[in-house]
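Q: Those sequence lines, one after another, are chains A and B.
At position 243 of the first sequence (counting the first as 1) the number is 243 in the working numbering, and the numbers step up by one without a gap.
At position 392 of the second sequence (counting the first as 1) the number is 392 in the working numbering, and the numbers step up by one without a gap.
A couple of the hints might just be wrong.
Covered stretches of chain B, going by a simulated chain A footprint (3 or more residues, C-beta under 8 Å) [unchecked claim]:
| no. | region |
| --- | --- |
| 1 | 52 to 63 |
| 2 | 79 to 87 |
For the chain B half of the interface with chain A, some residues (derived, Cβ under 10 Å), not all of them [unchecked claim]:
| no. | residue |
| --- | --- |
| 3 | Ile76 |
| 4 | Val145 |
| 5 | Arg391 |
Since the hints were made in silico from the structure, they are not lab data.
Note that CB positions come from ideal geometry on N, CA and C, so glycine has one too.
2 protein chains.
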Amino acid sequence: MTLVVQKYGGTSVGDADRIRAVADHVARTCRQGNQVVVVVSAMGKTTDDLIRLADDVSRTQPPRELDMLLTAGERISMAVMCMALADAGIDAVSFTGSQAGIITDTAHTRAKILEVRGDRLRQALDEGRVPVVAGFQGVSTARDVTTLGRGGSDTTAVALAAALGAEACEIYTDVTGVFSADPRVVPQAQRLRRLSFDEMLDIAASGGRVLALRSVEFARNHHVPLHVRSSFTWEPGTWVVEEEPTMENAVVTAVTHDTSEAKLTVSGVPDHPGLAARLFRALADQSVNVDMIVQNVSQHGTTDISFTVPTTDVPTTLQTARAFGAEIGAKEVVADAGIAKVSLVGAGMRSHPGVSATMFETLAAAGINIEMISTSTIRVTCVVRADAVERAVQALHTAFGLDGA
Amino acid sequence: MTLVVQKYGGTSVGDADRIRAVADHVARTCRQGNQVVVVVSAMGKTTDDLIRLADDVSRTQPPRELDMLLTAGERISMAVMCMALADAGIDAVSFTGSQAGIITDTAHTRAKILEVRGDRLRQALDEGRVPVVAGFQGVSTARDVTTLGRGGSDTTAVALAAALGAEACEIYTDVTGVFSADPRVVPQAQRLRRLSFDEMLDIAASGGRVLALRSVEFARNHHVPLHVRSSFTWEPGTWVVEEEPTMENAVVTAVTHDTSEAKLTVSGVPDHPGLAARLFRALADQSVNVDMIVQNVSQHGTTDISFTVPTTDVPTTLQTARAFGAEIGAKEVVADAGIAKVSLVGAGMRSHPGVSATMFETLAAAGINIEMISTSTIRVTCVVRADAVERAVQALHTAFGLDGA
Numbered sequence: 001m002t003l004v005v006q007k008y009g010g011t012s013v014g015d016a017d018r019i020r021a022v023a024d025h026v027a028r029t030c031r032q033g034n035q036v037v038v039v040v041s042a043m044g045k046t047t048d049d050l051i052r053l054a055d056d057v058s059r060t061q062p063p064r065e066l067d068m069l070l071t072a073g074e075r076i077s078m079a080v081m082c083m084a085l086a087d088a089g090i091d092a093v094s095f096t097g098s099q100a101g102i103i104t105d106t107a108h109t110r111a112k113i114l115e116v117r118g119d120r121l122r123q124a125l126d127e128g129r130v131p132v133v134a135g136f137q138g139v140s141t142a143r144d145v146t147t148l149g150r151g152g153s154d155t156t157a158v159a160l161a162a163a164l165g166a167e168a169c170e171i172y173t174d175v176t177g178v179f180s181a182d183p184r185v186v187p188q189a190q191r192l193r194r195l196s197f198d199e200m201l202d203i204a205a206s207g208g209r210v211l212a213l214r215s216v217e218f219a220r221n222h223h224v225p226l227h228v229r230s231s232f233t234w235e236p237g238t239w240v241v242e243e244e245p246t247m248e249n250a251v252v253t254a255v256t257h258d259t260s261e262a263k264l265t266v267s268g269v270p271d272h273p274g275l276a277a278r279l280f281r282a283l284a285d286q287s288v289n290v291d292m293i294v295q296n297v298s299q300h301g302t303t304d305i306s307f308t309v310p311t312t313d314v315p316t317t318l319q320t321a322r323a324f325g326a327e328i329g330a331k332e333v334v335a336d337a338g339i340a341k342v343s344l345v346g347a348g349m350r351s352h353p354g355v356s357a358t359m360f361e362t363l364a365a366a367g368i369n370i371e372m373i374s375t376s377t378i379r380v381t382c383v384v385r386a387d388a389v390e391r392a393v394q395a396l397h398t399a400f401g402l403d404g405a
Numbered sequence: 001m002t003l004v005v006q007k008y009g010g011t012s013v014g015d016a017d018r019i020r021a022v023a024d025h026v027a028r029t030c031r032q033g034n035q036v037v038v039v040v041s042a043m044g045k046t047t048d049d050l051i052r053l054a055d056d057v058s059r060t061q062p063p064r065e066l067d068m069l070l071t072a073g074e075r076i077s078m079a080v081m082c083m084a085l086a087d088a089g090i091d092a093v094s095f096t097g098s099q100a101g102i103i104t105d106t107a108h109t110r111a112k113i114l115e116v117r118g119d120r121l122r123q124a125l126d127e128g129r130v131p132v133v134a135g136f137q138g139v140s141t142a143r144d145v146t147t148l149g150r151g152g153s154d155t156t157a158v159a160l161a162a163a164l165g166a167e168a169c170e171i172y173t174d175v176t177g178v179f180s181a182d183p184r185v186v187p188q189a190q191r192l193r194r195l196s197f198d199e200m201l202d203i204a205a206s207g208g209r210v211l212a213l214r215s216v217e218f219a220r221n222h223h224v225p226l227h228v229r230s231s232f233t234w235e236p237g238t239w240v241v242e243e244e245p246t247m248e249n250a251v252v253t254a255v256t257h258d259t260s261e262a263k264l265t266v267s268g269v270p271d272h273p274g275l276a277a278r279l280f281r282a283l284a285d286q287s288v289n290v291d292m293i294v295q296n297v298s299q300h301g302t303t304d305i306s307f308t309v310p311t312t313d314v315p316t317t318l319q320t321a322r323a324f325g326a327e328i329g330a331k332e333v334v335a336d337a338g339i340a341k342v343s344l345v346g347a348g349m350r351s352h353p354g355v356s357a358t359m360f361e362t363l364a365a366a367g368i369n370i371e372m373i374s375t376s377t378i379r380v381t382c383v384v385r386a387d388a389v390e391r392a393v394q395a396l397h398t399a400f401g402l403d404g405a
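Chain A extracted, bound-state conformation (with noise of 0.2 Å):
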């Protein structure tokens, strides 16, 4: 018998409608003679209300409290999804994260699971009986409720699969999987059928929205199968496997694009040792993010430093950047939310030299100016015009060979 890990997202149970869709396909995977261990997000947008809720009563929100507030969400899904798969002849039965023994630091708002403790699961399986698991939440080692902060029930699906031994952790969610483009900006973008963990990371970290980072890696880490796919069309979506050392790789499987990040410069550094390793402490004292960072060449004796950051870590960079540039007499401090990544994704450009360079003629062909480039072993990213980039992902996807036959 199959063990499947099925993580259902907000819009999969958003409504009465689609958790009696999600409980019929659930019933029609044991009848297949699988093992199913269910995980569901909260309906909809419970999350948010709830958040506006505390919004509207209180200015100060102990995490503790947070934590307790938000997973009443999960509570709420898993309990009616249980009433539904009765309703369809399945035996299910509910498991807060806390029952389900998944045990976290005491991080609360983005507590990291340190131990899944599987045998009240394991239990409920051997009974013939299907565990309805609350995503995105634990129990911390101090017996407190916590989160998983941000794409917290991909983790929880993930841990599942992985301290269970599942065959595949199937991750339900409103698109039919993952694209060599946005869809939306890319009308011919492929879905594609198979990638590597390592793939699906650089996608994840270069602005494809579907899986959160962490719960990739964490299933690159266990090696834990991943299948992304619709719960509105049931059909089968993007495997996220191992690479096979055999497999042809193509050389480049995805065009990705962010928008979310702002570019700071610091301009007129002084050309000393460790000066930059200061400022980067700095900031990650302050916990903001630094995705790309490009040092110029420097001229006359000075350099200019400049990062993308998320554009909502913005005031925090600027004030950091800034107390910075005075202490050390850097020249001056420039925000610039007018920019956007485009990237390329793929494992085959380890073995195929000449990547970059088709990417840097096929912008410049199609007159889209480069402000900064960085490059991983299976990615490039070119930071451009925010107003540049959806013509930067079409000229790409078509220079690459993405539009299909």
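Add chain B to chain A, keeping to what the hints say.
A: Frame of chain A; chain B shown alone:
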């Protein structure tokens, strides 16, 4: 330092403004040098909304999952209450029923408290913090989440007050206390300053809706003084305490009424010993909650048995009573939903004979016919036509000198 348990019902925490008002009151109570444990119900109509969601999703509602669903409501209110308390400068910490150590049996949707392990609450109090506990819920000996049924949050508050040795348990609600009659029926009804547990029990059992019977029983058995008061006016309300042998009791404390029951009559029952016992055993087996029972004088070798049940139990009762009637050769079974109960309650009745006689005379003088009578040591109840019950309450309130100076 005095320890008080304060319980806030659904209307008391109905919206963000109400929650902030409660937080201010708790802060005031702390600044007056008291230790406080707060127990909260779900906000306003949250529980009704969750039940409606369950009905939308499913016809099959396993009691374990219904409990899991409904406990989300208190979880939300306790978390936001802690946030509001933080705003008010109070270091508060929330506890689910399970975290508060409320251990119950496994009877989902109507669990009974077996034990209260108060160590986490005591520790929080010792650290100078205000524990905020979810009412209505516990954890079963099988480690499942349970709910305590109707009036469950009051029971939580009383159980915690007993376990922690609190000075008093304050029950905050949307009325200012317990009255000598329903003020909507008798505008001149007086707020009672002080009642014995026995009186409160008979008031609750005969139609007074302010406190659930079960929490009063618990308070009496554990000697926990109750203070029923309003979270809208914050004025002192009604104390429910042990009866003091030295105190002169009012003959009649309150006139209550109840329109939620129906009368059933099984007529032409052969006058053999044991037949009535068989009928009421059969009804008990169907969980029908029989209240008053009157067996009329036997005539021509047959007898009539009348009894009252909640109107919601009428269909089950009719079916069971008709099967019984057919089996023993009774003449007929009829249900009458047009009745109401009116009761006098007062600890002084024990030493004052003649209360019943005065009651019957008063009703007769008002032209109101009595259909059934039942008495206990401190209560007399008459069944009358439903359309006459308000007149009955008013006439009795005046006749027994409760209208005030």
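Q: For every hint, state whether the structure bears it out.
A: Structure-based check of each hint:
1. Coverage of a stretch by a chain is defined here by at least three residues with a beta carbon nearer than 8 Å to that chain's beta carbons; for the region 52 to 63 of chain B and chain A the count is 9, and the condition holds.
2. Only residues whose beta carbon comes within less than 8 Å of a beta carbon in chain A count, and the region 79 to 87 of chain B has 7; three or more means the coverage holds.
3. The beta carbon of B:Ile76 is positioned within 10 Å of a beta carbon in chain A (closest approach about 5 Å), and the interface hint is therefore held.
4. Taken as an interface hint, B:Val145 checks out: its beta carbon lies about 8 Å from the nearest beta carbon of chain A, inside 10 Å.
5. Checking B:Arg391 against chain A by beta carbon gives a least distance of about 46 Å; that is not within 10 Å, so the hint is violated.
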